[in-house]
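J.: Taken in sequence, the protein lines are chains A and B. Using the numbering used here, the letters of the first sequence map in sequence onto residues 0 to 204. Using the numbering used here, the letters of the second sequence map in sequence onto residues 338 to 585.
One should not assume that every hint holds.
Across the chosen pairs, the derived CB separations fall in these ranges [stated by the list, open to error]:
(1) A:S78 with B:P364: 41 to 47 Å
(2) A:I9 with B:S356: 37 to 43 Å
(3) A:S78 with B:I441: 22 to 28 Å
(4) B:A380 with A:T174: 47 to 53 Å
(5) B:A380 with A:S2: 52 to 58 Å
(6) A:Y86 with B:S356: 24 to 30 Å
(7) B:G453 with A:I183: 37 to 43 Å
(8) A:L5 with B:A380: 55 to 61 Å
(9) A:V23 with B:L470: 52 to 58 Å
(10) B:S356 with A:L190: 44 to 50 Å
(11) B:T341 with A:L197: 56 to 62 Å
(12) B:Q584 with A:I106: 49 to 55 Å
No wet-lab data here; the hints were simulated from the structure. Every residue, glycine too, gets a C-beta built ideally from N, C-alpha and C.
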Amino acid sequence: MDSHFLMRRIHSLTGVVPVGLFLVYHLYLQLYLHSGAETYNTAVNSFYDSPLAIWTLVIVVYIPLFFHAFLGVRLIFESTVQPSYTYFSHLLYWLQRISGIGVLLFILAHVWNTQFGPWISGTWGTHFEHLSSGFSDPESGIITKTVYLLGVLGAVFHFANGFNTFCMTWGIALTPKSQIRVRIFSILLFLILSASALYALSAIW
Amino acid sequence: MPDTITFKIKRQDSESSGSYWETFVIPHVPNSNVISCLMDIQANPENSKGEKVAPVVWECNCLEEVCGSCTMVINRKVRQSCSALVDQLEKPITLEPMSKFPVIRDLAVDRSRMFGALKKVQAWVTADGYHDLGPGIREPQNHQEIAYKLSECMTCGCCVEACPQYSLNNNFLGAAAISQSRLFNMHPTAKNIADERLDTLMQEGGIADCGNAQNCVEACPKSIPLTESIAEIGRQVSGKLWSNIFQA
Ligand code: HEM
Ligand code: SF4
Ligand code: SF4
Ligand code: FES
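In isolation and in its complexed conformation, chain A is listed as follows (with noise of 0.2 Å):
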């Protein structure tokens, strides 16, 4: 056992624990945004009015993601381009690579727009007027609605089918069959959380 496994098999796992997990609780959470202004912030708040809470994020959170982000990031330039094998699991293998790099881009526009920005502006607490007088900006709206469509999507795209292919690479699913129940729990897993989050958005939009 060297190194370079131990690193694809880290890789692997905080993709689903812990940043996966996250994902679905993040999710969750914006359900509150149906909730109105009042209970949305107090939902958001109490998880940091624990002392913990900042550790809990960056141990939890920031440092597997960003691990995770890192190392695939590399791995990508370790590929090849090979066309001509049309086949739908190498798509998928190809979304998983793109929807990567958009997820990337769009975590560190996420976290800039909610967490640094308001931080340094002295606004944070505040986090639904936040979010939907930027959802309603005349001018940059539109954008803002865009991408977070797109990072949104890519992230449960990405999430459920790593899912499936963690599944193969921890020889979770082995025959065929199951290989198959495994792509049609990840195919729900991306409906359901696609759902989740679309519904969520649905109340600044």
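Starting from the known structure of chain A, fit chain B with the ligands onto it as the hints suggest.
T.: Chain B with the ligands in isolation, oriented as in the chain A frame:
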């Protein structure tokens, strides 16, 4: 106008020289395959401009899709040229050497890396010494079906040619070697060194280099369940990872 077939062939004169395309037009023979056409070109090596050129070099042996030596890229897809029937191919027919191996000349490539991979994973039955070891252990009935399928691999290279993770400048062992590891790890005698095979597969170039694109299983002419083998070896190395961490 006589019935003819046009071949566009990617040629290379030596291991180190550059490649170039050359067109050949030959009479159409019904039921011919790519090898028989290459033989026609060899008999009269004249390109479409009417110039006499060196005959095109290729490899073949069994002519019945069991040896794997005639593998090349035909109309952008890798396959065996002996079983590629000309009447079923789109024209003009393009022939290229596989891109994942060093070219020796024209369509002949050096597949040593694949055989090297089989050596690295010790894809053989270990028998110690020359003395009579008695009868071998019987292969369990429920293994036979899958073991037979896996044993059909002819190390042809289709799986690694189609694989986006296998390239000239990395050292990925590839799907064939992973699948052969599975075969020998389930063999009642050969499994005595299963751990050593997994050790190799847990190093650089091993199973972690697979990106689950699943092109290999689509490209394999023998329909070997390669992604099942990759998942099975994935499970075996997961088990070994676990014991390395908690039981070492
Ligand atoms: C931030 C930028 C990200 C990049 C650049 C990235 C890149 C990648 C790449 C290239 C792979 C394929 C690895 C392989 O098959 O060998 C991958 C797999 C995966 N990613 Fe990401 N990713 C990112 C973010 C995320 C996020 C946010 C999640 C979770 C929601 C995630 C979950 C996964 C999962 C589950 C896998 C499958 C691992 C496996 O095949 O075993 N990734 N990622
Ligand atoms: S696994 Fe299939 S494609 Fe790969 S070398 Fe063996 S026979 Fe050829
Ligand atoms: S599953 Fe994809 S990456 Fe893995 S060996 Fe097969 S073709 Fe290559
Ligand atoms: S000549 Fe043996 S496979 Fe084609």
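J.: Against each hint, give a clear statement of whether it holds in the structure.
T.: Each hint, compared with the structure:
| no. | hint | verdict |
| --- | --- | --- |
| 1 | A:S78 with B:P364: 41 to 47 Å | holds (43 Å) |
| 2 | A:I9 with B:S356: 37 to 43 Å | holds (41 Å) |
| 3 | A:S78 with B:I441: 22 to 28 Å | holds (27 Å) |
| 4 | B:A380 with A:T174: 47 to 53 Å | holds (49 Å) |
| 5 | B:A380 with A:S2: 52 to 58 Å | holds (56 Å) |
| 6 | A:Y86 with B:S356: 24 to 30 Å | holds (27 Å) |
| 7 | B:G453 with A:I183: 37 to 43 Å | holds (39 Å) |
| 8 | A:L5 with B:A380: 55 to 61 Å | holds (57 Å) |
| 9 | A:V23 with B:L470: 52 to 58 Å | holds (56 Å) |
| 10 | B:S356 with A:L190: 44 to 50 Å | holds (47 Å) |
| 11 | B:T341 with A:L197: 56 to 62 Å | holds (58 Å) |
| 12 | B:Q584 with A:I106: 49 to 55 Å | violated (38 Å) |
In terms of the numbered hints stated before, the structure departs from hint 12 and from no other.
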